[in-house]
Amino acid sequence: MDAPKALDINDLSVTLGGKRILQNITFSVDVGDFLIIIGPNGSGKTTLIKAVLGLVPSSGKISIFGKPANRVGLKGMVGYVPQKFEFDRTFPITVSEVLDIALGKELREPLKRKQRIGSVLGQVGMADYAHKKIGTLSGGQIQRVLIARAIANQPKIVFFDEPLAGVDIKGEKSFYELIRNLKEAQKLTVALISHDVTVVNLYADKVAALNRIMVAFGSPKDVLITQNMEKAYGQGFGIFKHKECLEKPQEELTQQDIERCKLFGE
Amino acid sequence: MFEFLAYPFMQRALIAGTVIGITCALIGVFVILQKMAFFANAIAHSALAGIAIGFFMGLNPMVTAVMFGIIIAVLISYLKSRSILSVDTIIGIFLPSSMALGVLIIGLLEGFRPDLISYLFGNILAVDRFYLYLSVSLGIIVMILLAVFFKKYMFITFDRELASIHGINVAAYDYLFIILLATTVIIGTRVVGIILISALIVIPAASSKNISSNFTQMVVYSVIFGFASSVLGLMSSYFLNLASGATIIMVSGAIFLITLILRPVLAK
Ligand SMILES: Nc1ncnc2c1ncn2[C@@H]1O[C@H](COP(=O)(O)OP(=O)(O)O)[C@@H](O)[C@H]1O
Ligand SMILES: [Mg+2]
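Listed in order, the protein sequences are those of chains A and B. All letters in the first sequence, in the order written, are residues 1 to 266 by my numbering. All letters in the second sequence, in the order written, are residues 1001 to 1268 by my numbering.
Note that these hints are calculated values from the structure, not bench results. It is possible that part of the hints are untrue.
Stated by the list, open to error - Straight-line C-alpha distance at most 25 Å; calculated DMTMM-like pairs for lysine to aspartate or glutamate:
hint	chain 1	residue 1	chain 2	residue 2
1	B	K1152	A	D205
2	A	K19	B	E1161
3	B	K1080	A	D88
4	B	K1035	A	E86
5	A	K156	B	E1161
6	B	K1152	A	E86
7	A	K75	B	E1161
8	A	K61	A	D205
9	B	K1152	A	E106
10	B	K1151	A	D205
11	A	K84	B	D1174
12	B	K1151	A	D88
Whole structure, please, built from the sequences with the hints as guidance.
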């Protein structure tokens, strides 16, 4: 038998409040792959990730590293940064405590836990904020903390739901570099929702274009073609007329090209 | 000035009072962060029916009250997860209904009737040995369970979605929590009464939140405030000859005011 897939989704459907949100989604991702999920607003991207994580009920089969993806099965293997992290800003809890509660039991010694927390905070440029109350941070800083929390357990797969909202360009760049490093060093599998075609071209091994159904799935070159994009985003979706988005070598892209390559502004 | 410690009734009151003060303050941290103060209040009001049932059936009223309180708490939580009604609406139905039930059953009792005022406002100076053992053992069980599952409850309180992804059975821990809360609230009604018990849960934790810059501090200060309120409250009750439930709550209210004033200095 083949080695298990990192993520294997078979005929997944989700119905919420009597409304069919996702229908017959089937795809799989290899260990170490960088999957980017694209699709217009309301196309079910967030719902897909939530279904995989067991946060919304679904039908079909989902397995992660060969194990059925129920809560217990996921223990310690999964990192997650939600699209909207809602919490009480008056909650008296520090950044370091936020990371500590999510850190698994394998790391027993307090000193080791502290080191791990310091190291992941360093990786997202938040080392100086360990003892700040999380409620006092800016939106972008909170996102960085959540990214650090998602990788703190050294998970095998991480789900990022538009994790860079409010994060500045510099933070964005170092985020993708960080993910690339983790991918190489730890064979981390990544599933990320993004609207940024440049990012898709630069980093994705696999792309899933969603619009309630799976519009297309495959390598970026196969998926990012006009017919698929029109199926996902609707007629008159002109972005892929900018061929340079797909065909120009990355280093030749001008800032203007990059702007035009964004599917829609953040 | 410590001759009052020689009286057995005062010893019982101090032991039961401090155990309950500390337990309430500890669980109160999670209650206020999960915005469950009104829920705690509803459980407290169910104590009247629970006590009346005990008298009616000839059982120990404190024991039936704890059991009845747990049933009401579980029922409210279950309905909350199953109904389109908001939790404050559901509580708004259960709180007066259970109170009315209590008044009805008391009306049915023949002969000896419980002293309503002492249940409504507490009377810890009159507690018997059985209550002492019951409250101390239940209080200690609650504290041990909260300590054992401390990080899990902290995780669930801060981010229940991620807690569930990390394999924590959030629904089961929620039910355990409300059982612990109901137990604490009901045994606490004997100390400060049905009307005032939610204050003993909410005020120390709220005072602590005013001045805490991390979660550990919030827990430690809350417990200290709960302990101090019980001890100082009981002592003032003894020396000033005032109702003990009221003095305990007044002391904790005074601590709250002080933390409010100190907040700009202490909370970073
Ligand atoms: N709990 C829910 N009940 C009913 N409809 C929902 C629920 N959650 C999401 N939806 C609907 O599902 C659709 C997809 O939402 P979502 O997955 O958030 O889209 P995306 O992340 O692609 O923008 C939206 O139309 C949204 O209104
Ligand atoms: Mg979304």
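Results of checking the hints against the structure:
Only pairs whose Cα atoms come within 25 Å are accepted, and K1152(B) paired with D205(A) is rejected, the gap being roughly 36 Å. As the CA atoms of K19(A) and E1161(B) are separated by approximately 22 Å, the hinted pair is consistent with the 25 Å bound. For the proposed pair K1080(B) and D88(A), the alpha carbon gap of about 21 Å is at most 25 Å, so the pair holds. With a C-alpha separation of about 15 Å, the suggested pairing of K1035(B) with E86(A) holds against the 25 Å cut-off.
Distance check on the hinted pair: K156(A) and E1161(B) sit about 19 Å apart at the alpha-carbon level, within 25 Å; holds. Of the supplied pair hints, the one linking K1152(B) and E86(A) holds, its CA atoms being roughly 19 Å apart against a limit of 25 Å. This hinted pair checks out: K75(A) and E1161(B) have alpha carbons roughly 13 Å apart, not beyond 25 Å. Annotation: proposed proximity of K61(A) to D205(A) holds, straight-line Cα distance about 23 Å (limit 25 Å).
Note on K1152(B) and E106(A): the hinted pairing holds, with a Cα-Cα distance of about 15 Å set against a maximum of 25 Å. For the hint pairing K1151(B) with D205(A), the CA-to-CA distance comes to about 38 Å; that exceeds 25 Å, so the pair is violated. Proposed proximity of K84(A) and D1174(B) is supported: the alpha carbons are some 23 Å apart, at most 25 Å. Under the criterion of a C-alpha separation no larger than 25 Å, the hint pairing K1151(B) with D88(A) is consistent with the structure, at around 18 Å.
This entry does not satisfy hints 1, 10, going by the numbered hints stated previously.
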